[in-house]
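Student: Read off the chains here:
Protein chains: 2
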Amino acid sequence: MARAATTSDTFNAIAEPNRRRILTLLKGVERPVAEVAGALGLKQPATSKHLGVLRHVGLVYVRQAGKQRLYGLDARGLEPIHEWTGGFEQYWNESFDRLNDYVKELQSGEGSKGIA
Amino acid sequence: MARAATTSDTFNAIAEPNRRRILTLLKGVERPVAEVAGALGLKQPATSKHLGVLRHVGLVYVRQAGKQRLYGLDARGLEPIHEWTGGFEQYWNESFDRLNDYVKELQSGEGSKGIA
DNA sequence: TGAACATTTTCCTATATGGGCATATGATGC
DNA sequence: GCATCATATGCCCATATAGGAAAATGTTCA
Chain A
7 MARAATTSDT
17 FNAIAEPNRR
27 RILTLLKGVE
37 RPVAEVAGAL
47 GLKQPATSKH
57 LGVLRHVGLV
67 YVRQAGKQRL
77 YGLDARGLEP
87 IHEWTGGFEQ
97 YWNESFDRLN
107 DYVKELQSGE
117 GSKGIA
Chain B
7 MARAATTSDT
17 FNAIAEPNRR
27 RILTLLKGVE
37 RPVAEVAGAL
47 GLKQPATSKH
57 LGVLRHVGLV
67 YVRQAGKQRL
77 YGLDARGLEP
87 IHEWTGGFEQ
97 YWNESFDRLN
107 DYVKELQSGE
117 GSKGIA
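For the record, the sequence lines run as chains A and B. Under our numbering, the residues of the first sequence are numbered 7 to 122, in order. Under our numbering, the residues of the second sequence are numbered 7 to 122, in order.
If chains are identical, the list can't say which one is meant, so a pair holds when it fits in one copy or spans any two.
With a cut-off of at most 20 Å between alpha-carbon atoms, the simulated SDA-like pairs for lysine to any residue come out as follows:
| # | residue 1 | residue 2 |
| --- | --- | --- |
| 1 | K33 | G58 |
| 2 | K33 | N99 |
| 3 | K33 | I87 |
| 4 | K33 | H88 |
| 5 | K55 | R37 |
| 6 | K33 | Y97 |
| 7 | K33 | Q96 |
| 8 | K33 | R69 |
These are calculated hints, taken from the structure and not from any lab test. These numbers were taken from a predicted model, which means no experiment stands behind them.
Please model the entire structure based on the sequences and the hints provided.
Tutor: Okay, here's the thing in structure tokens:
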């Protein structure tokens, strides 16, 4: 089984670097596809597909403005991810100490293999 | 070009649901591979591969303990993601208002196509 | 050294992806 | 309706995955 469809999972949607760049580009500003494409250095069709994925997971909305379609940010979908990672906050501080202890253990001799 | 290798990008590493479950399982507890596999309902080799990916991006460390290899959480790699999503916090509140305005605009008649 | 346990690695398959190109669809204004 | 601009879709390719099965490697202990 391959990975879960990017179109249904926000984590997967933002796993693609260009899509993260798009979200950043849309902070506070609505932009037409061509403009996003230019900023990314991608062809318009590729950009359109990325926007489509972001739209499917709801991170972006579109509205018609004349001949153009303006894409805008709907960041609400990022909150769950922020919360999920936030649930590890207590550990990424603690990690330092624990790993330091582990390194010390290695240096004192009886550790087994390499770290990481 | 396909997506950046999951082995080098934390965003990509946590895009896989089972890997997220693994990280959760390792909160505050080191566990041997077999135990993780049991909890996930995956075969041991598949689990080993997921742990390998997490190890490559540094979200997990291993240490030998007798015949077993105990995996532990190193959550530091999640902080950048927390920060990245945090950079959108001001927008996921604002989004409500903006989208509400948009919806109102649609209902009042002159909007163009569908939302989202 | 050899047996037994724990985990990793290799090989294989079905599937999903990103991007390019060419083309279809949609929207505007005449 | 028609020509034109803006975007979306269909098709193709090279590549990356997840997971299974089988075999290889590593570790402990007698």
